[in-house]
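Order-wise, the sequence lines are chains A and B. Sequential numbering from 1 applies to the first sequence in our numbering. Sequential numbering from 1 applies to the second sequence in our numbering.
Because the hints were derived from the structure by calculation, they are not lab data. Careful: at least some of the hints might be erroneous.
[What the hints assert, rightly or not] As a list, the in silico DSSO-like pairs of lysine-lysine whose alpha-carbon atoms are at most 30 Å apart:
#1 A/Lys63 - A/Lys211
#2 A/Lys71 - B/Lys339
#3 A/Lys208 - A/Lys4
#4 B/Lys347 - A/Lys133
#5 A/Lys211 - A/Lys189
#6 A/Lys38 - B/Lys175
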Amino acid sequence: MSFKETDIINIVIAGTAGQGVITLKRLIEFASQKAGVKRNFGSEMHGLAQREGAISSHTRYQKELFEDDRKNLYSPLICYGDADLYICFEPIEALRRGLFASNKTSFVLNSRTIPGIMITANLESYPSLEKIKEILNGYSNEVYFMNATELSLNNFNTNQYVNLIMLGFAIPTSKIPFIEIEHYEEVIKEWLRDPDSNIKALHLGLEKGKKIINSAN
Amino acid sequence: MLGNEALVRGCLEAGVSYVSQYPGTPTSDIGEYFHQVLIDSPETREFLIHHWAVNEAVATSSCAGAAWTGCRSLNPMKHVGLNVASDALSVIALNGPNPGAMVVSIGSDPGSLGSHQEQNERFYAWMLHLPTFEPHTPQECKDWIKLAFELSEKYDLVMNFRMSTRSAHSRGFVKLEPLVKGKAKGEFIRNIPKFNSLPPHAINNHIRLYERIEKLREAIPSLGVNKIIPGENKIGIITSGMPFGYTMEALNQLNLNDVPVLKLGMIYPLNYEEIVDFIEKLEKVIIIEELEPFLEMKIAEIAHDHKINVEIIGEQYFPKYNEFSTGLVATCLANIFNKPPNEQMKKAIDYFNSYKEIIPSRFPTFCSGCPERATLYAILKATNHLENTIISGDIGCYVMSFFPPQQCSDLVICMSGGISAAIGMSTKTDQKVIAMIGDSTFFHTGMAPLAEAVGYNSNVLLIIFENSWTAMTGHQNDVLRYLLNKGFSIEDICKAIGVSWLRVEDSYKPKKLVKSIEEALETDGFKVIIIKRECGLQAHRWRMDQIRGLEREGKKVQDVSYFIGGCQMCYECARVLSCPAIRRVETDGIEEMQIDQDRCIRCGVCYEICPNGAIRKSIINLFAEEVPFREL
Ligand SMILES: Cc1ncc(C[n+]2csc(CCOP(=O)(O)OP(=O)(O)O)c2C)c(N)n1
Ligand code: SF4
Ligand code: SF4
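Only chain A is shown next, with the shape it has when bound in the complex (with noise of 0.2 Å):
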C-alpha cells in the first residue's frame, strides 16, 4: 500500500513501562519534523513513576495538508480501527490495544513475552504467541514477529535497544511513509546518547526485519 501525502498515519507503540515506549515515538516525531511533515500531533502516557504497567502511545503524522482545512489531523488519539501501524515491544500488549486495528493494520511484535505478577502467580494465563497471532490475523496478514530482546542482549549485553531494533524491524513494512533512514540518524545523534549504538541496533533490525517481512511475502 501506498500513501498520499495529504494522508493521516496512524501508528500504535505499545510496551510495558520502562521498555523505551515513549523515547521511540518521540524519535519518530523528531525524524518527521525532519522529513519536511506538516502537521504532527500524537499523545503518550506519562505519570506513574513505576516500571512494570502497560504504556502505549499514539503517533500521527500529516506529510501534507489538505486544502480543506477540516480533513486534516485535529486530534492526538487514533479513532478505533484506524491503525497503519502496530510497533510493540511486548506480544499481549498487541491485543491490550487491539481497538485500534483493523484490515490495514501491519503488525510488528517483540517476541520475548513478560508475563506480569498475576501470571508467575498463576492467577491468571498468558496465550500462547500462536493464539495472539492467531488472533491478530483476523485482522491482517501482515503480523510479523521478532525477537528483539535476545538481538539486543546478544549484540548489546542489555536490553535497552529493543525499541531501536524494533524500529529497524517496523520501517519494511512501509508504514511510515515519507520518513527516511537518514532522518532517523540524525535524530539519534543529536538526541539519544550513545548514538553509534543505536544506529548500529536500528540498522540490526532493519536487516532481520526485512528478512522477516520479505520472507513472509
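We have chain A already, so just place chain B with the ligands on it with the hints.
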C-alpha cells in the same frame, strides 16, 4: 513539544519569575521542565525560582505572595490539588493578583488516567471567578498562557489555564517567540483594603471582582481565542479543548463537514454576543464537553435570557464520565444526525470485544525490590492475610496495593485521608485498624491527623513509609528530600507530637518487621512504625551509579545476585510478596520460579522469606568492595 513543555515555554516568553507547585499527574513534568531550564540556562537563575511546595495550599499562597510584589507567578496543580488549594484561592481571587500576575494551571483528568478519582473541577471557575482557558494544541498552550499572564495583570484576575492529561501529554509542532526575562525582585506596597479581605473589604473586593470579570467578558472577542469553523447546517456545535479535535475528525468521518463549530478557547467567562451570534441562526446546538455539563448550562441560560428559540443538547447524548475520543464523539454524533455508524470502527470494537477476555491484566504495580511491597508482605504475614484487619490506605505508590495478589488497601480517600478515616473507624469497630501514609503525604497534610490520633490515643497502627521520595508522581526532588537531607526526622516529629509506641523498621528485614507489627497489633492505643528504606527504584539507580563509578576507577566490587534452585512452587514469593523480577518458567515440563537478573535489584527480600531455602545468594568477588544501598 508536549503541551506541558509548550506551557513552560510560554511562561518563559511571558517573563514568569516564580513557580510553586506540589506534584501530581498531569502537572508534575511542568516543574521538571522548569528545573531543566534552570540547569540548561544558568542565566535564568538570576530571576526564575521554582519551588516544590509541601502541598497545594502552600504553593498557591506563595504564588500570590510573589504576585503581590509585582512579579508573574505560575501555580500548577492537579485537579484534586484545587480542592486543597481552594481555600487560599478563594481569597486570592477575590483580592486579585495585582500589581503582579498569577495563573493557576489545573491539570484535569477526565478518564482518571493518573488519579484516584474523577471530578469536573471546572465549576470552581464559577465559584471563584477564575477566567479559564482550555487549549487544544501545544501551540495554543504556549501562546495562550502568555496571554493569560497579560490578562491577569491587566484585569487584576487570577487566571486558570486548564490542561488535561491529554493536552498536557500530546505533542505537536510549536512556533517559538523570544524569551523575556522575568522580574528578579519586586516590592510589596501596603494596601490593606486590597490584601486583607476582612469586612468591610471582603464585600468591596467581591464587588470589584464582578467589575473585573465584566471588563474581561467584554474584551473576549478581541482576544482571538474563540473561533468559528463556518458551515451551512442548521445544527451547530460548541466545544473546547481536546473534545474539539475529536469533534472535527468525527464530523469529517461522518461527512458532516457543513456543520458549523464554535471552538471556545476561554470557557469562563463567556461573551454573550459571541454566543448569541452563533446560536441564533441555528435550530439545534450540540455542546460537546467531557464530564458534567458546564458550558451546556451556561449556554442554555444565555439562550433563555436572550429569548432565542434553539434546542441545546449534549449531556443526554454524551457520557458525563470518562475521557472522550474521536470514536466516541463519532458514535454520539451519528446517533444525533441519524447516520449509520462507521463500519471500520464498528468492526474494530466488535472484534476487540470478541477476544478481550483472554488478555491477562498488567496493572501498575510496585517496582522490583520495592520496600513498600515488602512491608505489605509483612502486614499480610502478621495478620494472617488481613484476618479481622482493616487497611486504611492512602495515596502514594502504596495505593497500588489494592491490586491482586496482595490486595492490601481497603480504602482510599485523599492525601492523608487514610489515617483520618482510621481515627473514626477505630472508635466504632473492634477490628484491627492499620493506616498507611508516605513521607511526602506526611508533610502534605499528615501531621494534623497524626496529632489528633495521638490526642485521642486512637487504637490504630500507622505505618509511615519513609522512602525519602515523592515516588509515585515521578520522584520530584522536593522539599521532602531537602528536609530529610538536612537531618529533619519523621521519627523526631512523631516523638515531639507525643507518639509513645514508636518503632523504626526496615522492610528489607521482613521477619523482624512481622514481629513488630504483631506486637503493635497486640497493643492498645496509637502506634507508629516508620519504614525507613529508600525507594527501590532510586536506591538501585544510586547503587548502580556507585558501582559504575568504582569500576571506572579500576576497583573491583562485589557482584551479588540471587537465584532459585530447588523451588517447591509454594508461591510465597509470587503470591504474597509478588516481586515482578520473579517469573514462573517451565523447563522440560517442570515448573519453577526464576529470578530475572535484568530486573532484580538485589534487595534480598525474597531470599529472606523463602520458606524452603530455595532462594540462594551468590557473591562473586567476595573480598572486593561491597556497595550496599544508601542509608537514609
Ligand atoms: C491533593 C493531591 N495532590 C497531589 C496528588 C498526587 N499524588 C499522588 S501520590 C503522590 C505522592 C505521594 O508521595 P508519598 O506519600 O511520599 O508516597 P510514595 O509515592 O513515595 O510512596 C502525589 C503527589 C494527589 N493525589 N492529591
Ligand atoms: S517508585 Fe519506588 S516506592 Fe514506588 S513502587 Fe517503585 S520502588 Fe516502590
Ligand atoms: S532480590 Fe528478590 S525480591 Fe529483591 S528484587 Fe530481586 S527478585 Fe525481587
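Here is how each hint holds up against the structure:
1. A/Lys63 - A/Lys211: Cα-Cα ~28 Å, so holds.
2. A/Lys71 - B/Lys339: Status holds; Cα separation ~19 Å.
3. A/Lys208 - A/Lys4: Holds, at about 28 Å.
4. B/Lys347 - A/Lys133: holds (19 Å)
5. A/Lys211 - A/Lys189: holds (26 Å)
6. A/Lys38 - B/Lys175: Satisfied, since the Cα-Cα distance of roughly 13 Å is no more than 30 Å.
Violated hints: none; the structure is consistent with every hint.
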